[in-house]
Amino acid sequence: MSFCVLCMLLALALLTIFSPHDPTFWGVVPRDLKPSRTYLLGTSSKGQDVFWQAAFAVRNSLIISVIAGTVSRVVAVLVGMIAGYKGRGTDRVLMFISDSLLVIPLFLIIVMLAMLVRDMMNLVTLGLLLAFFGWAWDARVIRSQILSLREREFTQTAILSGTGTLRLVLKEYMPFATPLIFSTLINNMAWAIGMEITLAILGLVNMDIPTLGTMLQWAISYQAMLLGYWWWILTPIILSVLLFVALYWLSVSVSEYLDPRTRIQRVGAQ
Amino acid sequence: MAFIKRYLIPRLIQYFLVIFLGITAVFIIPRLTPSDPVERTITQLRSQGSYLDPASVEAMIEDLTEMYGLQGSMFEQYIAFWQRLFRGDFGVSFFQFPTPVIELIKISLPWTLGLLLTTTFFSWTMGNIIGGLAGYFSRKRWSRALDTVAMIVRPLPYYIFAFALLLLLAYVIRWFPVSGGTSIGRKVTFNWPFIKDVLWHSSLPALSLTILGGAVNFQTMKLIVQNVNAEDFVQYAKFGGVKEGRIVSRYVIRNAMLPQITNLALSLGQIFSGALITEIVFSYPGLGTLLYNAIVTGDYNLIMGITALSIVAITTAILVIDLLYPLFDPRVRYT
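Quick mapping for you: the protein sequence lines, in order, are chains A and B.
Read in order, the letters of the first sequence are residues 158 to 427 in the working numbering.
Read in order, the letters of the second sequence are residues 586 to 920 in the working numbering.
I should point out that these hints are in silico values taken from the structure, not numbers from a laboratory.
Heads up, a few of these hints could be off.
[Stated by the list, open to error] Cβ-Cβ distance ranges computed for the label pairs, FRET-style:
id	chain 1	residue 1	chain 2	residue 2	range
1	B	Glu816	A	Thr320	47 to 57 Å
2	A	Leu323	B	Leu702	43 to 53 Å
3	A	Ser410	B	Met711	22 to 32 Å
4	B	Phe818	A	Leu383	39 to 49 Å
5	A	Ser410	B	Leu606	58 to 68 Å
6	A	Ser410	B	Ile664	50 to 60 Å
7	A	Leu384	B	Lys828	53 to 63 Å
[To be verified] Which chain A residues stay away from chain B? Per the calculated CB distances, all over 12 Å, these:
id	residue
8	Phe175
9	Thr282
10	Met331
11	Ala334
12	Asp365
Positions of the beta carbon are idealized from the N, C-alpha and C atoms, including for glycine.
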């Protein structure tokens with residue numbers, strides 16, 4: 158189910174290729190029209206077609222989240238694997254760093270950094286900024302997985318039969334860690350999209366690029382709520398609710414695949 | 586002794602290191618900007634139309650340099666920054682010009698604390714109790730219904746959830762006030778109508794934080810309880826004819842509470858960030874709204890003050906929870 162919703166949203170994002178308008182231009186269509194056959198979701202006070210804006214918004218938010226998710230995944234996997242495999246001092250230092258990132262109210266630090274790079278903010282810099290802070294928890298999860306793998310017998314067998322460390326980690330551990338990495342990736346993407354929306358509301362991203370956050374922020378700043386342009390303000394909200402719920406459910410089913418015990422618990426059988 | 590050495594000392598070291606790193610980050614980040622805050626302030630004053638003669642500009646540059654703590658080398662600035670921090674001096678706010686940052690924070694802090702403490706308390710206890718019951722009776726219909734609700738609410742970010750609630754309960758069905766901490770123009774007095782007004786205005790932000798936090802606690806607690814449920818001692822108690830209510834409250838939920846205490850400590854930073862974001866949605870007069878104004882007006886001193894204070898407060902709160910933990914879990918005390 159969640160997969161279908163995600164596919165629909167992806168299809169919407171892909172539709173942007175056929176968009177008749179450039180999403181950054183204002184006044185391309187008449188203003189404040191209700192949804193109709195020509196304008197599926199109505200038009201905004203900026204003179205933009207809400208449907209195409211929404212398509213671009215979903216696409217750009219997904220781009221940010223994919224950048225943030227994949228880059229932070231690389232960091233998380235490296236930190237988790239090194240900490241888990243090396244152990245001792247290395248482990249303690251790396252886990253200290255990730256614990257500090259977990260404990261500090263990161264949102265405020267991200268806000269300060271975002272103010273710093275405000276002028277060169279685009280999809281890529283925002284993605285990288287979020288990636289920089291999004292790896293701590295997942296590095297911990299991956300580390301504990303590696304820790305348990307290291308104690309297994311096949312590790313000893315592999316080491317004794319002369320497998321190099323790199324080969325051992327890539328060939329023997331990766332297959333175990335892959336589903337885990339994938340499920341943390343989805344969660345991290347959702348986090349990145351949420352952060353983008355928050356930063357947009359604070360006016361810390363480039364407001365000309367349509368994303369779910371900037372779209373909502375424009376609707377709020379034009380008082381769409383008070384003026385009753387529900388189609389404008391509800392579109393980004395409903396789309397983001399769909400996106401978050403779909404991503405979360407997908408990650409839940411991935412972790413159930415990972416650990417069938419939770420699935421049994423969820424169903425309620427004992 | 587072993588307890589102090591293995592549990593207490595590492596926690597304390599981590600506590601001071603985190604504060605040290607966090608505050609250092611707060612010091613460094615604004616200094617990375619290419620633009621000079623002193624120059625920026627003066628241009629901003631000029632653009633507001635006031636004429637400044639060269640002599641007074643000189644004097645002002647000196648004053649502002651001192652005010653922003655930009656005198657001397659980077660290292661001297663850094664030392665001075667710490668000294669000022671200990672005195673609670675975060676400099677002067679730009680957005681409400683001559684008011685010191687600490688004054689503004691003092692006004693907003695009680696609002697945020699009140700909201701944060703009550704909602705964290707309610708969402709934690711309610712989420713755990715309901716989650717515990719739902720985990721124990723996981724085959725009942727109400728348990729599954731609650732689970733579905735949690736599955737939908739949980740992934741929503743604070744902003745979207747709060748905003749959706751605002752649209753629904755304040756615009757569509759006009760049950761709650763749209764924004765603010767009190768009715769417009771009401772003076773701060775401590776009598777019953779005033780308190781009622783405050784509670785009335787904070788009910789929607791509180792509701793949104795409680796539901797969102799409660800959903801997370803509900804889900805984790807439900808899973809933990811289902812795990813504890815399968816353990817031998819619970820089965821034994823059932824066969825031994827211990828009353829079901831006693832099993833749930835004394836045997837199962839009590840054991841499942843322990844990891845939830847650790848989870849509370851770990852997620853406190855996020856809960857705090859969430860409270861700030863929720864305040865912005867409802868223009869609730871706490872630190873979040875203050876932060877929003879600071880960002881919009883580019884008031885670095887205010888942002889630095891809020892951030893530095895929050896880092897110290899949150900890490901201290903987490904330390905307190907960590908230090909209380911051995912009281913609940915004898916295993917930590919005796920190993």
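Hints and how they fare:
Checking the proposed 47 to 57 Å range against B:Glu816 and A:Thr320 shows it is violated: the Cβ atoms sit about 38 Å from each other. Here the CB-CB span from A:Leu323 to B:Leu702 is close to 50 Å, well matched to the stated 43 to 53 Å. For the pair A:Ser410 and B:Met711, the supplied restraint of 22 to 32 Å holds, since their beta-carbon distance comes to about 28 Å. Roughly 59 Å separates the CB atoms of B:Phe818 and A:Leu383, a value that falls outside the hinted 39 to 49 Å.
Between A:Ser410 and B:Leu606 the Cβ separation comes to about 38 Å, which falls outside the hinted range of 58 to 68 Å. Taking 50 to 60 Å as the suggested C-beta distance range, the pair A:Ser410 and B:Ile664 conforms, at roughly 54 Å. Restraint check, A:Leu384 to B:Lys828: a C-beta distance of roughly 60 Å satisfies the suggested window 53 to 63 Å. With a least CB separation of 28 Å from chain B, A:Phe175 remains clear of the 12 Å interface cut-off, as annotated.
With a least CB separation of 14 Å from chain B, A:Thr282 remains clear of the 12 Å interface cut-off, as annotated. At the 12 Å boundary, the C-beta of A:Met331 stays outside the reach of chain B, the nearest C-beta of that chain being 27 Å off. Annotated as non-interface, A:Ala334 keeps its C-beta farther than 12 Å from every C-beta of chain B; the closest such distance is 22 Å. Chain B leaves A:Asp365 outside its interface by the beta-carbon criterion, the shortest separation being 18 Å against a cut-off of 12 Å.
The structure fails to meet hints 1, 4, 5 from the earlier list, while all remaining hints are met.
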